[in-house]
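Residue numbers (the working numbering), protein chains in the order written: chain A, 1 to 131; chain B, 1 to 131; chain C, 1 to 131; chain D, 1 to 131; chain E, 1 to 131; chain F, 1 to 131.
Check the hints yourself; a few may be wrong.
A pair counts as met if it fits within one copy or between any two copies, since identical chains are not told apart.
[Stated by the list, open to error] Here are the simulated lysine-lysine pairs, DSSO-like style, with alpha carbons at most 30 Å apart: (1) Lys14 - Lys39; (2) Lys19 - Lys5; (3) Lys14 - Lys46; (4) Lys46 - Lys5; (5) Lys5 - Lys39.
Just so you know, these hints were derived from the structure itself, not from any lab.
There are 6 protein chains.
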Amino acid sequence: MTERKEPTYIFSDKQVAEKSEIARRFLDTRTRLNETVDKADNFLVKRFYNIDHNTYLEGALPAKYKELMGLVASACLRCDDCINYHVIQSYRLGVTRAEQEEAINVALVVGGSIVIPHLRRGYELLAELYA
Amino acid sequence: MTERKEPTYIFSDKQVAEKSEIARRFLDTRTRLNETVDKADNFLVKRFYNIDHNTYLEGALPAKYKELMGLVASACLRCDDCINYHVIQSYRLGVTRAEQEEAINVALVVGGSIVIPHLRRGYELLAELYA
Amino acid sequence: MTERKEPTYIFSDKQVAEKSEIARRFLDTRTRLNETVDKADNFLVKRFYNIDHNTYLEGALPAKYKELMGLVASACLRCDDCINYHVIQSYRLGVTRAEQEEAINVALVVGGSIVIPHLRRGYELLAELYA
Amino acid sequence: MTERKEPTYIFSDKQVAEKSEIARRFLDTRTRLNETVDKADNFLVKRFYNIDHNTYLEGALPAKYKELMGLVASACLRCDDCINYHVIQSYRLGVTRAEQEEAINVALVVGGSIVIPHLRRGYELLAELYA
Amino acid sequence: MTERKEPTYIFSDKQVAEKSEIARRFLDTRTRLNETVDKADNFLVKRFYNIDHNTYLEGALPAKYKELMGLVASACLRCDDCINYHVIQSYRLGVTRAEQEEAINVALVVGGSIVIPHLRRGYELLAELYA
Amino acid sequence: MTERKEPTYIFSDKQVAEKSEIARRFLDTRTRLNETVDKADNFLVKRFYNIDHNTYLEGALPAKYKELMGLVASACLRCDDCINYHVIQSYRLGVTRAEQEEAINVALVVGGSIVIPHLRRGYELLAELYA
Numbered sequence: 001m002t003e004r005k006e007p008t009y010i011f012s013d014k015q016v017a018e019k020s021e022i023a024r025r026f027l028d029t030r031t032r033l034n035e036t037v038d039k040a041d042n043f044l045v046k047r048f049y050n051i052d053h054n055t056y057l058e059g060a061l062p063a064k065y066k067e068l069m070g071l072v073a074s075a076c077l078r079c080d081d082c083i084n085y086h087v088i089q090s091y092r093l094g095v096t097r098a099e100q101e102e103a104i105n106v107a108l109v110v111g112g113s114i115v116i117p118h119l120r121r122g123y124e125l126l127a128e129l130y131a
Numbered sequence: 001m002t003e004r005k006e007p008t009y010i011f012s013d014k015q016v017a018e019k020s021e022i023a024r025r026f027l028d029t030r031t032r033l034n035e036t037v038d039k040a041d042n043f044l045v046k047r048f049y050n051i052d053h054n055t056y057l058e059g060a061l062p063a064k065y066k067e068l069m070g071l072v073a074s075a076c077l078r079c080d081d082c083i084n085y086h087v088i089q090s091y092r093l094g095v096t097r098a099e100q101e102e103a104i105n106v107a108l109v110v111g112g113s114i115v116i117p118h119l120r121r122g123y124e125l126l127a128e129l130y131a
Numbered sequence: 001m002t003e004r005k006e007p008t009y010i011f012s013d014k015q016v017a018e019k020s021e022i023a024r025r026f027l028d029t030r031t032r033l034n035e036t037v038d039k040a041d042n043f044l045v046k047r048f049y050n051i052d053h054n055t056y057l058e059g060a061l062p063a064k065y066k067e068l069m070g071l072v073a074s075a076c077l078r079c080d081d082c083i084n085y086h087v088i089q090s091y092r093l094g095v096t097r098a099e100q101e102e103a104i105n106v107a108l109v110v111g112g113s114i115v116i117p118h119l120r121r122g123y124e125l126l127a128e129l130y131a
Numbered sequence: 001m002t003e004r005k006e007p008t009y010i011f012s013d014k015q016v017a018e019k020s021e022i023a024r025r026f027l028d029t030r031t032r033l034n035e036t037v038d039k040a041d042n043f044l045v046k047r048f049y050n051i052d053h054n055t056y057l058e059g060a061l062p063a064k065y066k067e068l069m070g071l072v073a074s075a076c077l078r079c080d081d082c083i084n085y086h087v088i089q090s091y092r093l094g095v096t097r098a099e100q101e102e103a104i105n106v107a108l109v110v111g112g113s114i115v116i117p118h119l120r121r122g123y124e125l126l127a128e129l130y131a
Numbered sequence: 001m002t003e004r005k006e007p008t009y010i011f012s013d014k015q016v017a018e019k020s021e022i023a024r025r026f027l028d029t030r031t032r033l034n035e036t037v038d039k040a041d042n043f044l045v046k047r048f049y050n051i052d053h054n055t056y057l058e059g060a061l062p063a064k065y066k067e068l069m070g071l072v073a074s075a076c077l078r079c080d081d082c083i084n085y086h087v088i089q090s091y092r093l094g095v096t097r098a099e100q101e102e103a104i105n106v107a108l109v110v111g112g113s114i115v116i117p118h119l120r121r122g123y124e125l126l127a128e129l130y131a
Numbered sequence: 001m002t003e004r005k006e007p008t009y010i011f012s013d014k015q016v017a018e019k020s021e022i023a024r025r026f027l028d029t030r031t032r033l034n035e036t037v038d039k040a041d042n043f044l045v046k047r048f049y050n051i052d053h054n055t056y057l058e059g060a061l062p063a064k065y066k067e068l069m070g071l072v073a074s075a076c077l078r079c080d081d082c083i084n085y086h087v088i089q090s091y092r093l094g095v096t097r098a099e100q101e102e103a104i105n106v107a108l109v110v111g112g113s114i115v116i117p118h119l120r121r122g123y124e125l126l127a128e129l130y131a
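This is chain A alone, in the form it adopts within the complex (with noise of 0.2 Å):
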């Protein structure tokens, strides 16, 4: 079995919410559902939960592709919060903007121009990030 453990992030939420407006309304929004969904202490959404941070670790493939995978199905998926999140994760993992700009590349091709608008709100994060 591949061992898995945390990925090192090169930069903080905090560092996030400073450079971009936008990442900070997202995670500050996430954070306070979070604590609403923390407080039903609902035993599945808890494992689910648990599932989902597992699948995003350093393993056989290295953390940072992982994320811009999660990237991809977010978008393809047509979830912006989804996008936010997994453009966010990548860029404290190092990820370059054209190495993010090129998982998105993947989810225009694949699920076409209805990506489109959540394409466009996605690069108006990426300048903030990466201004």
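Given the coordinates of chain A, work out where chains B, C, D, E and F should sit on it, guided by the hints.
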């Protein structure tokens, strides 16, 4: 701009087809149907195929990770043909089985249990290719 | 043929709106927009609304379970408005919070982590309704 | 209110089945399965089938363009049976092959490369019908 | 926290397979492919299967309604394998045919006519199981 | 090969924005975000935009029906931005309100009640444009 170039394949389609019966049937059908599409000579379809081809070239991201991103997108959008295609392409580029499984895990967690029937069929192909 | 009849609601929309600010805003917008749709008087839209209404009546299955099924469908197809609607309808029919959470769990597991942003917002509504 | 009326078909299902083996097998299976559905005599299913039928009648838009819209919707939602159905209906209404291809192009661009396996199979049917 | 426990099945998989040829073929393929997945022994897949199993246990909601919710989710996300699975599980738990049809109606209305090809195949299975 | 050419618009974006506040806000945001995308100068995104533009030109099918097909695809894939865009483009090409409603009906029946929240918002835009 990032330069793009054709990736170097370790295995040919022919070698893949000799190794796996599932792959052979998939590639045969795909070739036969693509001939029907080619014969139609539709301008926009040809341009779309061209963009599609360009998306997975070596670039800012190594081709193998982009094929795995194509696999993640295919699995979370639940398209068996597309899963077969990207599993085969990844295999041809030297991706290990453990790496393929981790990419599929991202799709499973993002896309949910509705992905499982496709994961099962994907694992059957993996078992033949990596036997 | 199974007889269909209107379910008995324990709470009115007005009571729901007084209990939850999220519900109030949702119901107000929905009412306002439905007036625009009604004014258009489109024959097929009216017939679709009619079938839609009939689907959730008491029948072979109790109405409360059908509202929860509507919630599962809404959550795994990821529509916040539809989630709000079925959470509210279920609440009006006396569904407990634990029952709502278990229905959402089905959607989470079937639909995957892409459902989570909607689950978070759904839990915020649940927190207000069951406070 | 726009008046609705049945469109005039240039070809019957029987003629279509004689022209294309793919169409014949599709229509046979569809007829057999619809008999099973009819036998069940489910009230809401019958009403849904009725709305469905009404949607494609001649109206403000000519029936042929609505069948092509059904084709676009089917292709971007990736349902082979639905694609077959609307390709056949469009053919029966005198739609040309070039028109069918342009409708499929809209679905390809909106829906992305995930549509391609369905486009390939659709082109196989087109090749038989317009031989 | 709601206690979870295994539901009591009225019929075994074997009895289902004897009653319906469609069910037998589905269960055989599923068993065979799951063996391939089990052999791979992927940590996250096993944990996902475990959560999936837990989701449908008796809890705040009776298991039979959760299986029907799984059916609704499967039908509106349009996965034949998943529909077969939840129709069979619901049948094994004593769900009546009328109840299965009402659950499918929710999926039909929420998910639209794109669900119909799956509904047709689902009705074929229902016809065999409830013969 | 069918010749393609630019369609003749009856109304400019500016006229649309003066007629409808919803349209004005949508077009402003779209313009602003497209500038961000343009600045990034991503090769594949530009080529995708180019194919996208070509898809809706006058061809075998009149541009107005292709815009309506884009509307159907957008509505059944449930993208508000895309719906707004194609409603506006159709309006600019002289499509009547009755024609727009019939196209949306196709999306409603194919895509189901999950389309309704988008239909409601689409009708609000229609009401402003055709006031």
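Status of the hints after comparison with the structure:
no.	hint	in the structure
1	Lys14 - Lys39	both (23 Å within a copy, 27 Å between copies)
2	Lys19 - Lys5	within (27 Å within a copy, 34 Å between copies)
3	Lys14 - Lys46	within (24 Å within a copy, 34 Å between copies)
4	Lys46 - Lys5	both (20 Å within a copy, 18 Å between copies)
5	Lys5 - Lys39	both (27 Å within a copy, 24 Å between copies)
Comparing the model with each earlier hint shows no violations; every hint is respected.
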